[in-house]
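Trainee: What follows is the residue order along each chain.
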Amino acid sequence: MIDAPSASVSSRPRRVGQWLLVVRPLLRNAKARTGVAIFLFFGLVALLAPILSPYNPHLTIFAPGASPSAAHWLGTTQSGQDILSQMIWGTRQPLEIALGAGLLTTLIAVGIGISAGLFGGVYDEILMLITNIFLILPGLVVVIVISSYLSSANNLMISLVITVTSWPWGARVLRAQTLNLKSKDFVKAAIVAGEMRFRLAFFEVLPNMTSLVASNFFFTCLYAVVTAASLQFLGLGNINTVSWGSILYWANNSQALMIGAWWWFVPPGLAIGLLGAAFALINFGIDELTNPRLRREAK
Amino acid sequence: MSSSPPLIELRNVSKVFVNRSLRQRSVVYALREVSLTIARGEVLALVGESGSGKSTTAQLLARLTHPSGGEIWFDGRAINRQAGARELRQYRRRVQMIFQDPFSSLNAVHTVGYHVGRPLAIHRLVPPGRALAAQVETLLETVGLHPGREFVSKFPHQLSGGQRQRVGIARALAPNPDVLIADEPTSMLDVSLRLDVMNLLLDLRTTRKVSMLYITHDLSGANYMADRIAVMYRGTIMEEAPADVLMKDPVHPYTRLLLDASTADFGNGPSVAGPLGALDPSSPGCPFYPRCPSRMPVCSETRPVSAWIADEAEHRVSCHRYHDAESPKTGRDAQPKV
Ligand SMILES: Nc1ncnc2c1ncn2[C@@H]1O[C@H](COP(=O)(O)OP(=O)(O)O)[C@@H](O)[C@H]1O
Ligand SMILES: [Mg+2]
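Those protein sequences? They're chains A and B, same order as listed. FYI, the numbering for the first sequence is 0 to 298, going by numbering that gives the first Met the number 0. FYI, the numbering for the second sequence is 0 to 337, going by numbering that gives the first Met the number 0.
If the Cβ cut is set under 8 Å, some of the chain B residues that face chain A in the computed set are:
1. LEU63
2. ASP100
3. SER103
4. HIS122
5. ARG170
I should point out that these hints are in silico values taken from the structure, not numbers from a laboratory. As the structure is a prediction and not an experimental result, all values here were calculated from the model. Here a beta-carbon is modelled for each residue, glycine too, at the ideal position from N, C-alpha and C.
Kindly generate the complete structure, drawing on both the sequences and the hints.
Mentor: This is how it looks when you write it as structure tokens:
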């Protein structure tokens, strides 16, 4: 980097300090801690799927439609697959889509929100016009329409489709906060010191809204988990991949509910709910940390 | 002082804020045809109560905003609104600002070292690395933060208000500027710390030969700091004179009121009357007319122009009582002739 001098003066203690500033109080918050624990649990399952999974989830060699037993803890599907193995491998897709959509959405929201707020003028007006147009699009409908054309969509494409409908919310919120910060003296002081636009946006404004950015990220993750599962349940996207959503789709397709095969549809439903709840809990935790009124009530 | 051209000059500078909301359009006349000069090495104090347009003047000089009318001259050249990045950067190296609120003028996520080191890095004044770190420590010690090394890695929330303001001063000093704009630098500090900061600024003025616009709402503070004092009321310069002259022989009724208020109560700012409401821009008279103890009928009808007082080289007043038939030189072309 060009600005090595300042980095050598201060950036190491700053980075450590900032991390402690954000992470430590978050982990002290009970809701956030629970959310992080659930998230880490699913993350581990996804990572260790090859070790944890008793069988190959695609194998159709078992007795079909069996109820839970010692060999198949969660029974088997109508076509003779081991449901536990499917559940374990199926952890990967929702996590990947959630994190992918969360990351993409947050990047776009940060880029557009901060630059529009900071630079103002015609630039701001054009960006906000585009943002508002995307905002009034009915999200789920758009996602369904786009994904009905993507029969072999991979996780990245599904993340992109979700991002199309989720970025405007964050962009608006971050723009509003940027406008608020822009009027603060420390931004004016940085301008007087000679900072250029890029540094103003990413070194002065952005570090002061980490909690907003983080909550935007986790909210998008929640939205993505639910949306991706809904899509697959509806048979959109690629239903031949193994994921919680596609397990639900095949369960529904085989009328698991009618025949009372709860071991087929309850676990994926529960898992989707739990992962969503994890993101929601982390978000509540961030809210409580940044909103003093909530913090007092929490004590 | 009139022998060499001023380093900074405001020529009939006006600033109008237009706030557009869905329902209405409000217009605030923050500055009206303000003319001021600051010579090299000179300290000019700008005094006025809250809302009179002092910060607006500071931000215009710091080029945080543009004038709506008039011109600002710096070092013999008019400031160009469409200036290129290079010209602007050069200006920022030479003109620095100290902000009023030490709590909001430092970024909570950056260390003291970052705040003070950035101007050095931006203007490439010191080679990166150890030399820059050493320069940052020197600057911190210059503003009285001993030992500098211990402050470098501190965050603003670990400092007191007085220490923060010193960091703000060190940051402003870092590029070794020719002009310091100090916008009420002591008003948010404990009374016990104010004199320290004022003395620090006076020291810097003598050691660094820096010119200063010292903004305050307190006349005695202005007298302590400045060579000349300009009194501002509702965006208009009411009176301007060398500090000792203004303190001894104030002629404008508003200055007199300020002086009475400040001798009665050091430091808490003038409480001449209630808060300043928005000025009706269409009112033709003197802005001080509604509160003036010695107003005349003419005062509500025409705005007094700024006129030099006869026999006094650098004493300027904007009042009908001192604006008589002997054709005073007015605003635009008025220059003190010695
Ligand atoms: N950005 C702005 N938008 C609208 N009005 C403003 C703005 N900044 C200042 N003003 C108005 O201009 C006048 C002068 O303000 P200011 O320069 O801050 O005064 P002072 O620093 O002397 O207290 C006030 O009436 C204030 O409300
Ligand atoms: Mg002010």
